[in-house]
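Just so you know, the sequences run in chain order A and B.
Per the working numbering, the very first residue in the first sequence carries number 1; after that it's consecutive.
Per the working numbering, the very first residue in the second sequence carries number 1; after that it's consecutive.
Be aware that a few hints might be false.
Stated by the list, open to error - Below, simulated SDA-like cross-link-like pairs (lysine to any residue); rule was C-alpha separation at most 20 Å, straight line: (1) K25(B) / K517(B); (2) K135(A) / T202(B); (3) K120(A) / D147(A); (4) K137(A) / R96(A); (5) K135(A) / V167(B); (6) K135(A) / G315(B); (7) K187(B) / G159(B); (8) K25(B) / A512(B); (9) K48(B) / K135(A); (10) K135(A) / T194(B); (11) K137(A) / K25(B); (12) K187(B) / G434(B); (13) K152(B) / Y90(A); (14) K137(A) / A113(A); (15) K124(B) / P142(B); (16) K478(B) / P463(B); (17) K152(B) / C105(A); (18) K25(B) / P149(B); (19) K25(B) / K187(B); (20) K353(B) / I87(A); (21) K137(A) / Q177(B); (22) K120(A) / G201(B); (23) K82(B) / R248(B); (24) K137(A) / E158(B); (25) K157(B) / H133(A); (26) K188(B) / G434(B); (27) K32(A) / P78(A); (28) K124(B) / S282(B); (29) K135(A) / K152(B); (30) K157(B) / N136(A); (31) K233(B) / S282(B); (32) K48(B) / Y90(A); (33) K137(A) / E333(B).
Unchecked claim - Where chain A lies over chain B, by a calculated footprint (3+ residues, C-beta under 8 Å): (34) 16-30; (35) 199-205; (36) 241-255; (37) 281-293.
Calculated from the structure, these hints are not laboratory results.
Ideal Cβ positions, reconstructed from N, Cα and C, are used throughout, including at glycine.
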Amino acid sequence: MFSPLAFLLLLAASQPIPYSHKTHLALGLECKNCHTNRDPGEMMGFPVTSTCMVCHTTVKKDSPAIQKLTEYAKEQKPVPWVRVYQIPSYVFFSHRAHQQAGATCQSCHGPVAQRDVIVKEVDTSMGACMDCHRKNKASIDCTYCHDQRQ
Amino acid sequence: MPNDNPIVIIGSGAAGGMAAYVLTKLGIKCVMLEAGPLLDLDRDRVLKPVSELPYRGFGRPGQFPHVVQASEFDANLWADEKQNPYTYDPGNQYNWVRIRLVGGKTLRWGRASWRLSDYEFKGKDHDGMGDNWPISYADLAPFYDRVEPIFKVVGRKEGFPQLPDGVFLEDSSTDSQSVQRFLASAKKMGVPTTKQRRSTGTFASSANLLLPDAVATGNLQIVTNAVVREITKDKNTGLVNGVSFLNRHSKQEYTIPARAVIVGASCLESTRLLLNSGLANSSGILGHYLFDQIYVKNVVTAIVPEARGGNAPRGLMGGGGYIPRFRNLQTREKNFVRGYAYDFGSGGTPNPKYLPLYGDALVKELANLNNASFSMTAMGEVIPRHENHVRIDSTVKDEWDIPALHITHKYTDNEYAMAIDAMNVADELCHGAGFEVIAKHAQMVPPGESIHELGGCRMGADPKTSVLNQHNQTHDIKNLFVTDGSAFVSGGSQNPTMTILALSMRASEYLAQEMRKGNV
Chain A
1 MFSPLAFLLL LAASQPIPYS HKTHLALGLE CKNCHTNRDP GEMMGFPVTS TCMVCHTTVK
61 KDSPAIQKLT EYAKEQKPVP WVRVYQIPSY VFFSHRAHQQ AGATCQSCHG PVAQRDVIVK
121 EVDTSMGACM DCHRKNKASI DCTYCHDQRQ
Chain B
1 MPNDNPIVII GSGAAGGMAA YVLTKLGIKC VMLEAGPLLD LDRDRVLKPV SELPYRGFGR
61 PGQFPHVVQA SEFDANLWAD EKQNPYTYDP GNQYNWVRIR LVGGKTLRWG RASWRLSDYE
121 FKGKDHDGMG DNWPISYADL APFYDRVEPI FKVVGRKEGF PQLPDGVFLE DSSTDSQSVQ
181 RFLASAKKMG VPTTKQRRST GTFASSANLL LPDAVATGNL QIVTNAVVRE ITKDKNTGLV
241 NGVSFLNRHS KQEYTIPARA VIVGASCLES TRLLLNSGLA NSSGILGHYL FDQIYVKNVV
301 TAIVPEARGG NAPRGLMGGG GYIPRFRNLQ TREKNFVRGY AYDFGSGGTP NPKYLPLYGD
361 ALVKELANLN NASFSMTAMG EVIPRHENHV RIDSTVKDEW DIPALHITHK YTDNEYAMAI
421 DAMNVADELC HGAGFEVIAK HAQMVPPGES IHELGGCRMG ADPKTSVLNQ HNQTHDIKNL
481 FVTDGSAFVS GGSQNPTMTI LALSMRASEY LAQEMRKGNV
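Next comes chain A alone, as it looks inside the complex (with noise of 0.2 Å):
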């Protein structure tokens, strides 16, 4: 018998070096350390390939995933990180916004520093975000996140 989280293991998308969250948080590092949140705010980056080689030079350099990602620095080609949580074009959604009103990267990706694997486990549909909207007393106006009607 699967868990309700196994079978969403089963479903997640290859990525092409396995990178653990768990572990990397582990050491202490966060998550804006390497997802930078430039400006207007709306999307979170994800790292250039060096910053991934101040520790990897050194760190499991013989590993044939880091080797892998060694490869993507020396030509200086971002790794392919394949995206496990989108949201469709016609939504306005910024991050920052959703930060300064006090939502954690937890709120909408779950707990990530206990995860090896990245899935889809939290519900990020719009009758999610609407709960959420107003639950938190934000507006749940269609004009807050699509544009609007002409």
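Following the hints, position chain B against chain A.
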């Protein structure tokens, strides 16, 4: 001998879905006939880039000439007008918008969830115009109370007599500064305001909130791609005894026997079906008293000055609200009867058509006004009139050889006067808030475009002037019910879906009760 035939429900939207939800839970076997297929969300809801669309976003010519809501991106949603033609009087365009899918138009509604009040149910008592419904607000209130939790309606209680409160999930969100300024302007002018009342959830559709529960009872069979041609009648008993339908693809005809029939195929389709079947028209009223609500989209478009430059400070823009009817509530105060409501919204960029520019200058100005717009849409009551009607146009047939509808619908001086008043009040409200009004107009969209078409099989206490009684049962045939918007006697300015759901719930429970008594 007991009649073991199922209840046949025609249509799967708000009316049909609610009928199935109620009856199947009471242990009654139902068969639902839906003219379209079941939506496969994973397959049918994928947003494609315009480069992958056959007509690059411009749409197949002639597919949706009257559906302004449609685009090639969602062309799989709407009923194709070449397959489903209709006609109207020259010079009096009518925009008939249809969705033929399991869930009907609840797959794509605006979710506005308002109740009617006795200003509508007993409108004639109030101002002498139109007709009263055969029920009052008190009759329907307990059903609204049960519908709203199913649809998780969010709203704020206000105590307005013209807009009764309901069973809401509370909306206690704060308003943006621009909306606060607008609300203050409205208060100064004595104009009431409230939060929007909306059904919530990723979907708020019959397809996910009503039909799954009905199917789970084991009492509902949904037949998709079933285009109904006729409801048949037993000449001996005078009762309806079945339904003839064609498979949408093969066009092969089938019949299904019925103990009773509930028609919930949408306002105009239900009326068309009864007209084509030659049923329930001893009054000669069937098809008459068609109406909808006037819509003046962007009656005013304004700019919030502090948001110019595309850099509105956080908290200034966004959100919106609703202004319920405030005209003619106490005394007749204007050069028109009844009244109108507004939706208002803060944010977004104004429609380029309101800017007298083109080329680089237009692009620059649109960037300057990004997220600086404040707009209002007015929605007004239309008094139902006998002359606004539909009839069968036997010269035009649809893809399945079923005669089409001819629609006659005109607005009158009352609606034009209302639209002008709505424009002037909106202008004043925006100026009072310190906004710059860049465009205002009183041009109503063509009838039908609001997708709030109502009437045609109206309810009434008198069988000589109405088609349905107070339980949505036809006066002529006791096992034939119509529970959609065609049953409305009047509609106010409120969006009608909550009332359709409540009426269908009430009528379905009445039918179950009559079946238990052996009357149906």
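Here's how the hints hold up against the structure:
1. A distance of roughly 18 Å separates the Cα atoms of K25(B) and K517(B); the hinted pair therefore holds under the 20 Å criterion.
2. Straight-line distance between C-alpha atoms of K135(A) and T202(B) comes to about 16 Å, which keeps the hinted pair within the 20 Å bound.
3. Annotation: proposed proximity of K120(A) to D147(A) is violated, straight-line Cα distance about 26 Å (limit 20 Å).
4. A C-alpha spacing of about 18 Å is found between K137(A) and R96(A), which places the hinted pair at or below 20 Å, so the restraint holds.
5. For the hint linking K135(A) to V167(B), the alpha-carbon distance of about 17 Å falls within 20 Å, and the restraint holds.
6. Our distance criterion of 20 Å between C-alpha atoms is met by K135(A) and G315(B), whose separation comes to about 19 Å.
7. Restraint check for K187(B) and G159(B): satisfied, since their Cα atoms lie roughly 16 Å apart, inside the 20 Å limit.
8. Between K25(B) and A512(B) the CA atoms are separated by roughly 11 Å; this keeps the pair inside 20 Å, and the hint holds.
9. For a cut-off of 20 Å, the pair hint linking K48(B) to K135(A) is broken: about 33 Å separates their Cα positions.
10. Annotation: proposed proximity of K135(A) to T194(B) holds, straight-line Cα distance about 19 Å (limit 20 Å).
11. A hinted pair counts as satisfied when its Cα atoms are at most 20 Å apart, and K137(A) with K25(B) does not qualify at roughly 35 Å.
12. A distance of roughly 14 Å separates the Cα atoms of K187(B) and G434(B); the hinted pair therefore holds under the 20 Å criterion.
13. The suggested pairing of K152(B) with Y90(A) is violated, with an alpha-carbon distance near 23 Å, which exceeds 20 Å.
14. In summary, the hint linking K137(A) to A113(A) is not supported, as the alpha carbons are separated by about 28 Å, beyond the 20 Å threshold.
15. Between K124(B) and P142(B) the alpha-carbon distance is near 23 Å, which puts this suggested pair outside the 20 Å criterion.
16. For a cut-off of 20 Å, the pair hint linking K478(B) to P463(B) stands: about 13 Å separates their Cα positions.
17. Our distance criterion of 20 Å between C-alpha atoms is broken by K152(B) and C105(A), whose separation comes to about 27 Å.
18. A threshold of 20 Å between alpha carbons decides the hint, and for K25(B) with P149(B) the separation of about 17 Å falls inside it, so the pair holds.
19. Pair hint K25(B) plus K187(B) does not hold up; C-alpha atoms about 46 Å apart against a cutoff of 20 Å.
20. With a C-alpha separation of about 30 Å, the suggested pairing of K353(B) with I87(A) is violated against the 20 Å cut-off.
21. Taking the CA atoms of K137(A) and Q177(B), the gap is about 15 Å. The hint holds against a cut of 20 Å.
22. For the hint pairing K120(A) with G201(B), the CA-to-CA distance comes to about 19 Å; that is within 20 Å, so the pair holds.
23. Proximity of K82(B) to R248(B) is assessed by CA-CA distance (about 14 Å); at most 20 Å being required, the pair is judged to hold.
24. For the hint pairing K137(A) with E158(B), the CA-to-CA distance comes to about 18 Å; that is within 20 Å, so the pair holds.
25. Of the pairs offered as hints, the one joining K157(B) and H133(A) holds, with about 18 Å between alpha carbons and a cut-off of 20 Å not exceeded.
26. Proximity of K188(B) to G434(B) is assessed by CA-CA distance (about 13 Å); at most 20 Å being required, the pair is judged to hold.
27. At most 20 Å may separate the alpha-carbon atoms for a hinted pair to count; K32(A) and P78(A) meet this at roughly 18 Å.
28. For the suggested pair K124(B) and S282(B), the alpha carbons sit about 24 Å apart, so the restraint of at most 20 Å is broken.
29. Distance check on the hinted pair: K135(A) and K152(B) sit about 13 Å apart at the alpha-carbon level, within 20 Å; holds.
30. A threshold of 20 Å between alpha carbons decides the hint, and for K157(B) with N136(A) the separation of about 18 Å falls inside it, so the pair holds.
31. Under the criterion of a C-alpha separation no larger than 20 Å, the hint pairing K233(B) with S282(B) is consistent with the structure, at around 15 Å.
32. About 13 Å separates the Cα atoms of K48(B) and Y90(A), which keeps this hinted pair within 20 Å; it holds.
33. Only pairs whose Cα atoms come within 20 Å are accepted, and K137(A) paired with E333(B) is rejected, the gap being roughly 38 Å.
34. Counting residues of the region 16-30 of chain B whose CB lies closer than 8 Å to any CB of chain A gives 0, so the stated coverage by that chain is violated, three being the minimum.
35. Remark: the region 199-205 of chain B is confirmed as covered by chain A, as 4 of its residues place a Cβ nearer than 8 Å to a Cβ of that chain, reaching the required three.
36. As drawn, the region 241-255 of chain B meets chain A at 0 residues by the rule of a beta-carbon pair under 8 Å; below three, the given contact is violated.
37. Only when three residues or more bring their CB closer than 8 Å to a CB of chain A does the claim for the region 281-293 of chain B stand; here the count is 0, and the claim is violated.
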